[in-house]
Amino acid sequence: MMRRIWATLYARSLEFIRDRSSLGWNLILPVILVFGLAFVFSGDGRPLFKVAVVAEGMTASAVAAEDLSEVDTSLHEFLQTRHVQYYGVTPDEVDGTIRKVGRHQVDMLLDLRANEQKYWVNGDSQKGYFLEKVLNGADGPALSKQSVSGEEIRYVDWVLPGILGMNMMFSCLFGVGYVIVRYRKSGYLKRLNATPLRSAEFLLAQVLSRAALVIVVTAAVFLGTHLLMDFTMEGSYLNLLLVLVLGTFSLISLGLLIAARVSSEELAGGLLNVLTWPMMLLSGVWFSMEGTHPLMQWFSQLSPLTHILSAARAIMIDGAGLLDISTHLLVLIGTSIVFLVLGAVFFKWTAD
Amino acid sequence: MQNTPIITVRNLQKHYPEVKAVDGVNFQVNSGICFGLLGPNGAGKTTTIEMMEGISKPTGGEIFYKGRRQGEQFRSEAGIQFQHTALQDFLTVRENLNFFRALYPDGLGMDELVSICRLENFLDRDANKLSGGQRQRMLLSIALVNDPEVVFLDEPTTGLDPQARLNFWDLVNSIKARGKTVLLTTHYMEEAYNLCDEIAIMDHGKVIAIGSPDELLSKHFEDVVIELPESDLGEAAEHVTHRRLEKVTPSVEIVSKDVNVTLQTLMQHGASLSNLSVRPRSLEDLFLELTGKELRA
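Heads up: the sequence lines are chains V and A, in that order. For the first sequence, counting from 1, position 24 maps to 24 in the numbering used here; every step adds exactly one. For the numbering used here, count along the second sequence from 1 and bump the result up by 352.
Read the hints as simulated data drawn from the structure, not as lab findings. Keep in mind that this is a model prediction, so the values were computed, not measured. Any given hint could turn out to be false.
As the list claims (entries may be wrong) - Think about it this way: if two alpha-carbon atoms lie no more than 30 Å apart in a straight line, the pair counts; the simulated BS3-like pairs of lysine-lysine are:
1) A:Lys481 - A:Lys528
2) V:Lys185 - V:Lys145
3) V:Lys185 - V:Lys348
4) V:Lys133 - V:Lys118
5) V:Lys185 - A:Lys609
6) V:Lys133 - V:Lys145
7) V:Lys133 - V:Lys50
8) A:Lys372 - V:Lys185
9) A:Lys409 - V:Lys348
10) V:Lys348 - A:Lys609
11) V:Lys348 - A:Lys528
12) A:Lys599 - A:Lys609
13) A:Lys409 - V:Lys185
14) A:Lys372 - V:Lys348
15) V:Lys185 - A:Lys481
16) V:Lys348 - A:Lys599
Next comes chain A alone, as it looks inside the complex (with noise of 0.2 Å):
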């Protein structure tokens, strides 16, 4: 199950008159796992998801789903939640649900919707009322009215508090569980490490890297990052390379192929380690060092 492939991109294109937003992506994306599309504003991620949604039609490019071409099953699997979805005024959360349910042939009840996506506190309120932990809530409930086999999920936790963006991780990996195949796009490298069990990273309408966290993360890096108080480190700072980093308290960044010979350099100029800290590469590291520092629109 794992290894088929449920969504296969070949040479993907949408060009706009003054952009090419996507220039000819390939990859797919095995049934049973969370994928997940990472990149800057503006690398083309929603762009090539809602192509994928069959909202936006490709330039150029085949997308298939199962084998086929995109079509009315693909419809009918699929569950969606935009980085933006409005719904209609003076409905419930019950009635929207309701509603949505009643545009697909099968799906889940509304229990079961419930259950999975802890609605029972606010099922009865209007649904432009909800917190944005309770309205992701109900958007994915939405998304799952028809226990899709594929789930797309836009920037799902974007302005939510640490709290709500932990629950629906959990609410994430339920789904998962279950068997079904999740689509993510995310600007938290926490988030995809956490839920993704193979990224796409995009940059200028391209995919630029591909595989596992783990994989991309070894291929791309064999080194460690060591974090100290610029204050610890003394005359040290004349013998290690090292980056600042604009914190309340002022600390440098080594890079460090060995942490035992970095280690050994700063003790002998007379470096304070008290309040060193070693860590490994993270995904945000590797997404920083394939897209670049500079601020995208």
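So here's chain V without its partners, still in its complex pose (with noise of 0.2 Å):
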């Protein structure tokens, strides 16, 4: 058996890596697109001011919603301000937030609570230094100020794990998902029905041959710009390679479950497409889910790119630890099991 899933794969990894055009394209595409956004977002790379607000009378459907509507904004002249993107956090999500102020991705965090009234800056941001010198000529109760440091977070910074993910989702889906249909379609799988090649083990020999070629093209994609532009890695390059890997089979069996039965490579493109476009939108991929609708916040669950992102981000960004990414992780394992049983259930190595 192992035999036989090894030929598969040598040889489908050679007909990949011979195909020089399809190569450099999976090389080349993740390197523009980090550099081009890199270039493009060098400046400030969000037109507003973003500033969190906790304060009593918040419900944690408002504050999911980002709806600043339940809060009396008589609280505080501050939160007239207009040009000012204010969203509301749960008490809970305070330390997060905190977190955030630091490393610049929200300017400032506002807590209006009756025993708080603190308000958190950064020392080192220019938007805080505005935001508090607005605060300050503002009628409203007197808050004492918390400086919080780190560094800026830039949005390449953040948006990296998103670019190699997308390149990541189109490798997996259209390699694996549109190969099969060819081979189909092609009439490639009805000869190798005629051998005693199981269908398990030609999805396996799939997964792990583009599994390979994946991991080792956005690990070098990633090691490459990482070099050159100097990403913020705070946390553990294993546990980083541990969300690839796992993504990266999620990802592929979500492929092999397209390609489970269809026999049209137009067919294939179209529901493919259906697939990564609004995984694409809805993952978190180029901005923040936060402050989308909860529907699209749910939805955005369901792909599991929304997971390895998140996951990614937080390894990168936040130094997260296996702990902290669990939830993720089961999720990927979990679509991976579903996606890859269900793909075999439903395997055909026929057109007709």
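Fit chain to chain and form the complex, with the hints in mind.
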């Protein structure tokens, strides 16, 4: 059995590696995107001031919707300042938000609860400086200053996992799904069906072959751009590699499921586009899902890419350990198993 | 060995919503022979052979390999060359052979495959950049990687030039000489006559004739065909039954049960016999006789 799997894996890998245009594209696209975005967002990535607010009277749903309509804006005149994006946080989220202030991801945190009356600002942040001036000039109860320190997280630091994740998604879904549909349409799968090779062996070989290529390419692009651009990396490289491996398996398994029975390349392309575009938009590739409608946030949790990116960012930016990202890892393992089993059950060798 | 059935097909059926592609086919293939499955387009040949190969599931009926239902043993001991076989891109002939060889526990070595199928000159060439004849030889070698007991060849010489076709016939004969059983479908009656020990002619999903080519010819025909240019026939045209043949030189075909009598009739009525030819009935005549001359899809 291992001999058959290895032979299939080797043949598929040779085919991919020798397809230089495809291999080149897989390597070049993410590099171009990373450098392009680093250039585009080299200045101020966010046009608005972003202020988190915790106050009495805010329900969890209002916080989730980032709806400040339930907050009595008369609590402080500062809350009526224009060109500032306010969003609500719960008391439980205060610690996490303080870390974001330290990372310049949030410009200020206001705690307007009666027994708190504080604000947090990063002393190194230009935006924080201006917001503090406005706050101090506004009518309202005096708030005590809590200084936070920390280096700024550049947009490119935040978006790098998104770009690599997006490239992984396209490579896994199209690279496996589309290829299997092409094999089926051309009759290659039919030829393999006439051999002792079993469907599970064939599928496993496809998963391993593509996973090895995606992992190597993604790791190479990450390390290469890391050397050139010095990304923030607070956590463990091994943990990040684990996220990469599990994420790759989950996405490839999803590609196999899509390709399990389809024999039309046009239909496969359509299905993969229907899948990848919402994933790209709802998984937080380019911008954080914070601030979107709760329904969108719920949908985003259905995407394996969301869990890959959340886990990768937690490791890279917050220095999260395995326990911190265990939910994401379990989701990736679970989806891999479910997609792979369903893909094997529904798999069809021939186009008939 | 030769009279032991290696494959037995009983009441084989394949029904689609609008057509019975195979409708109750029965035959058996003896070990060590070349068995030909002939029929016009849409007769059910490929559907039948694909069910025998285990690629397609029958709607009804049974297929036995060495007295047992097809199973793992059949997959390991069968070699298959489809009508259209696609391979992976960017792999050489050698890499394709190595890949397929690794899928089987036992089989022939690379040197033996290269020697049998004469692959020496293009072994390291991209498999998708071969000529038609080279490609068919490579596909045959892939069908032989596991040193199969039975080899299925579905229209293997379609589209080949005469040299490549003759070359392929030599390969099939060499496979037969190694004691293998060959199942062949073909549109070329000459090919079937030269290669097959037994043939089954199918039409509309049924077997309408089965036996050795010579047996079938002697069973269906007791006559010969006389052919001569139409211009040489002269007034004799009114005294013999003939059929016009659309050729560069318009010719006629006279079917005769007694050549002497027919020749005498022709001479008596002034026909010129200098360009006349006499031939026995061919498998093509039998094929057209049994399946008709109307165009099939």
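### Message
Hint compliance check: list the failing hint numbers for this structure, sorted ascending.
### Response
Of the numbered hints, 2, 5, 10, 11, 16 do not hold.
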